[in-house]
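*Asks:* Sequence:
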Amino acid sequence: MEEETPYIDEHVVRVDAPREPVWAALQQYTTSLLRSGERNPLLVLLGPQPRAGFAVAESIEQRRISLEGRHRFSRYRLVFELSDGPGGATLVHARSFGAFPGLHGRIYRALVIGTRLHVLATTHMLRAIRAATALQAD
454 MEEETPYIDE HVVRVDAPRE PVWAALQQYT TSLLRSGERN PLLVLLGPQP
504 RAGFAVAESI EQRRISLEGR HRFSRYRLVF ELSDGPGGAT LVHARSFGAF
554 PGLHGRIYRA LVIGTRLHVL ATTHMLRAIR AATALQAD
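Under our numbering, the first residue of the sequence shown is numbered 454, with each subsequent residue one higher.
What the hints contain is simulated information worked out from the structure, not anything from laboratory work.
Careful, some of the hints might be misleading.
Pair ranges (Cβ atoms, derived) [what the hints assert, rightly or not]:
(1) Y460 with R525: 20 to 28 Å
(2) T576 with Q481: 14 to 22 Å
(3) R467 with L498: 31 to 39 Å
(4) L588 with E457: 19 to 27 Å
(5) L556 with T576: 25 to 33 Å
Just so you know, even glycine gets a beta-carbon here, dropped at the ideal spot from N, CA and C.
Let the sequences and hints guide you as you build the complete structure.
*Replies:* This is the structure in structure tokens:
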């Protein structure tokens, strides 16, 4: 993003698998996230750019995927990063950044961040990545 986007929070999940299958699951998840966003009727109201809500801004093999986007009430970035965990596990970090300009932005922030809806959504994403990794191992 052109301007610095303020840090919101970080969530981490441990996946009991090496990086390679976790990376594959992360890529699969972000691809499905981008595709499903294009069909989300709520996003039409927000007017996102890009239309899916996010675009891949950076991808570093088996290390990091950064997603960015904006809509009427905010500018945001979501960074998934992989790191080594104990016992051969992989830690998946989800760092969120967002700016919420103006009165409508502050109201939107209160609705999404203040109610912890953002925490639930991020936790859901991380659990989905962990579950997708387990499916790949089967």
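*Asks:* Now, for every hint given, state plainly whether the structure supports it.
*Replies:* Hints and how they fare:
Between Y460 and R525 the CB atoms are about 22 Å apart, so this pair conforms to the stated range of 20 to 28 Å. Checked against the hint of 14 to 22 Å, the C-beta distance between T576 and Q481 comes to roughly 19 Å, which is consistent with it. About 36 Å separates the C-beta atoms of R467 and L498, a value consistent with the hinted range of 31 to 39 Å. About 37 Å separates the C-beta atoms of L588 and E457, a value inconsistent with the hinted range of 19 to 27 Å.
The hinted range of 25 to 33 Å is satisfied by L556 and T576, whose Cβ atoms lie roughly 29 Å apart.
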